[in-house]
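Place chain R on chain S using the hints.
Residue numbers (this note's numbering), protein chains in the order written: chain S, 1 to 267; chain R, 1 to 253.
Derived by calculation from the structure, the hints in this document are not laboratory data.
Keep in mind the model is a prediction, meaning the values are calculated, not measured.
Don't be surprised by glycine CBs; every beta carbon is placed ideally from N, CA and C.
Hints should not be assumed to be uniformly reliable.
Label-pair distances were calculated between CB atoms; the ranges are [unchecked claim]:
id	chain 1	residue 1	chain 2	residue 2	range
1	S	Asp245	R	Arg244	54 to 60 Å
2	R	Leu112	S	Gln16	40 to 46 Å
3	S	Gly140	R	Phe100	43 to 49 Å
4	S	Gln16	R	Phe94	21 to 27 Å
5	S	Gly71	R	Val93	42 to 48 Å
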Amino acid sequence: MDKIVVDRVSKSFSSQRRGDETIVALDNVDLTIAEQEIVCIVGPSGCGKSTLLNLIAGFDMPTSGEIKVNGAPVTSAGPDRIVVFQSPSLFPWMTVTENITFGPRKRGIPRADYESEARDTIEAVGLRRFAERFPYELSGGMRQRVQIARALVNRPQVLLMDEPFASLDFQNRLAMQELLLRLWGRIHPTIFFITHDVEEAIFLGDRVHVMTASPGRIKAVVDVPFPKPRQIEIVTAPKFVEIKDRVLHLIRSEFEQSDRAAESAAG
Amino acid sequence: MRYPLVSVMAVLLLFAAWALVTDLFRIPAMTLPSPQQMATSFKTMLVEGYSGKSLWVHILASLGRTLTGLLAGIALGVPIGLLMGYSRFINAVFMPGFGFIRPIPPIAFIPLVILWFGIGELSKILLIFVASFNYTVLASAAGMRSVPEQLVRAGINLGLTRWQLFSSVMLPAAMPHIFTGIKISVAVSWAVVVAAELIAAQAGLGYIIADAGTFFRTPEVLIGVFIIGAIGLLFEIIVTSVERRVLHWQSKA
Numbered sequence: 001m002d003k004i005v006v007d008r009v010s011k012s013f014s015s016q017r018r019g020d021e022t023i024v025a026l027d028n029v030d031l032t033i034a035e036q037e038i039v040c041i042v043g044p045s046g047c048g049k050s051t052l053l054n055l056i057a058g059f060d061m062p063t064s065g066e067i068k069v070n071g072a073p074v075t076s077a078g079p080d081r082i083v084v085f086q087s088p089s090l091f092p093w094m095t096v097t098e099n100i101t102f103g104p105r106k107r108g109i110p111r112a113d114y115e116s117e118a119r120d121t122i123e124a125v126g127l128r129r130f131a132e133r134f135p136y137e138l139s140g141g142m143r144q145r146v147q148i149a150r151a152l153v154n155r156p157q158v159l160l161m162d163e164p165f166a167s168l169d170f171q172n173r174l175a176m177q178e179l180l181l182r183l184w185g186r187i188h189p190t191i192f193f194i195t196h197d198v199e200e201a202i203f204l205g206d207r208v209h210v211m212t213a214s215p216g217r218i219k220a221v222v223d224v225p226f227p228k229p230r231q232i233e234i235v236t237a238p239k240f241v242e243i244k245d246r247v248l249h250l251i252r253s254e255f256e257q258s259d260r261a262a263e264s265a266a267g
Numbered sequence: 001m002r003y004p005l006v007s008v009m010a011v012l013l014l015f016a017a018w019a020l021v022t023d024l025f026r027i028p029a030m031t032l033p034s035p036q037q038m039a040t041s042f043k044t045m046l047v048e049g050y051s052g053k054s055l056w057v058h059i060l061a062s063l064g065r066t067l068t069g070l071l072a073g074i075a076l077g078v079p080i081g082l083l084m085g086y087s088r089f090i091n092a093v094f095m096p097g098f099g100f101i102r103p104i105p106p107i108a109f110i111p112l113v114i115l116w117f118g119i120g121e122l123s124k125i126l127l128i129f130v131a132s133f134n135y136t137v138l139a140s141a142a143g144m145r146s147v148p149e150q151l152v153r154a155g156i157n158l159g160l161t162r163w164q165l166f167s168s169v170m171l172p173a174a175m176p177h178i179f180t181g182i183k184i185s186v187a188v189s190w191a192v193v194v195a196a197e198l199i200a201a202q203a204g205l206g207y208i209i210a211d212a213g214t215f216f217r218t219p220e221v222l223i224g225v226f227i228i229g230a231i232g233l234l235f236e237i238i239v240t241s242v243e244r245r246v247l248h249w250q251s252k253a
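With the rest of the complex left out, here is chain S (with noise of 0.2 Å):
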């Protein structure tokens, strides 16, 4: 069954800064991703997958074309759709339990039926010691998995990933991946997942969509065979370099004919 919907999604802003011209963030965009899939977006910056992650979010209305989560489009944003934001936006006057609880406590859910879930959570991304700690006094790879608790403490249906793992050094790079893989085997989310590291997309993905800057656009699809939970050993597999590299030459002539496109303009 598709959970989430993209269905000819075009979202224009008027930047001020440039006379109040207007700029085609995303044009024309279908997706659809199924039920328990993890779908990953690359692309260069600028090629509006943040927008797109932030109209599936409910931040942001598209300009024209329909969203639709679960058969039901979207108006507003929502606990069934969890956003994990790249730089860490933990609410740093709060302990990680706190944080992770904030979601459940506000929203009205009596204590007994969120309690466990938080500890089983924070076990589950390894910080049972760091428990009672704030944001401050952890690093940002934990700090990565305390948004992620966040998120899996309210069992959403959706993840919605914007890079989380960038600012992270390359060894918890790899570790939040696998963690992720092994999360995702615990309560099976959707996942739509953005990133800008190929070898990160392929090795999470079920599908990795390419996408192209100004306007955006998806450029190209390329499916992922390997079945879930993956071994990081996978990256080295000879149909995963190939898929690699497919992804690698469609980014390649993406920019070379951006640099095209931008000579003839200059020029």
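For chain R alone, coordinates are given in the frame of chain S:
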């Protein structure tokens, strides 16, 4: 820790130099009293008070005015500032007025306030109120506007209502700015109360130094100045330690 010891030594040395200079050059007490003369005057003041009122009455008079005006200013300034930061409409309504008043030194209002409200308690409290209100209102508005968009979005995303978003996300996130506003208000209020008492008062630390000055009673003037300084310092220590406890998370995140 050797540094606190160094500080104590430095202060002692300063007093010693002061005693030495006043003694060596036979400086008259009216120009600069020696520390010994100061101590004697201070003892007399403690026992006999100043102009018929005990020293504590003077101190409490200044403190009472300051705290009344300050608390009123904060109680009104913080919510209005938060609303200004929250709503562009409310900001547009209030900003021209408050923006214009803020750079005016509160002391400049003294003649006006006396004209309108006389030289009673109300005038002084009102001056302090205006000063502290101004600083807290603008700091709170700035704090509200500086709440990271990401935190607000995270709150919306977790299903918070508008009120919850305001009270549980935006308000705590604005706290560092609000606290800065309160800190400035405390310092300014203390300065304003002394200034107001210099001009019109029957009691208070500002009254002591003004009155003693007219009669060339330099030791009393200096003692008044020292007490004003000590209480100002105490205020700062209290506010800073509260801040450190409440806002331990700030600027480390």
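Evaluation of the provided hints:
1. Asp245/S x Arg244/R: 54 to 60 Å: Distance hint for Asp245/S, Arg244/R holds at roughly 56 Å.
2. Leu112/R x Gln16/S: 40 to 46 Å: 42 Å, holds
3. Gly140/S x Phe100/R: 43 to 49 Å: 45 Å, holds
4. Gln16/S x Phe94/R: 21 to 27 Å: 25 Å, holds
5. Gly71/S x Val93/R: 42 to 48 Å: 44 Å, holds
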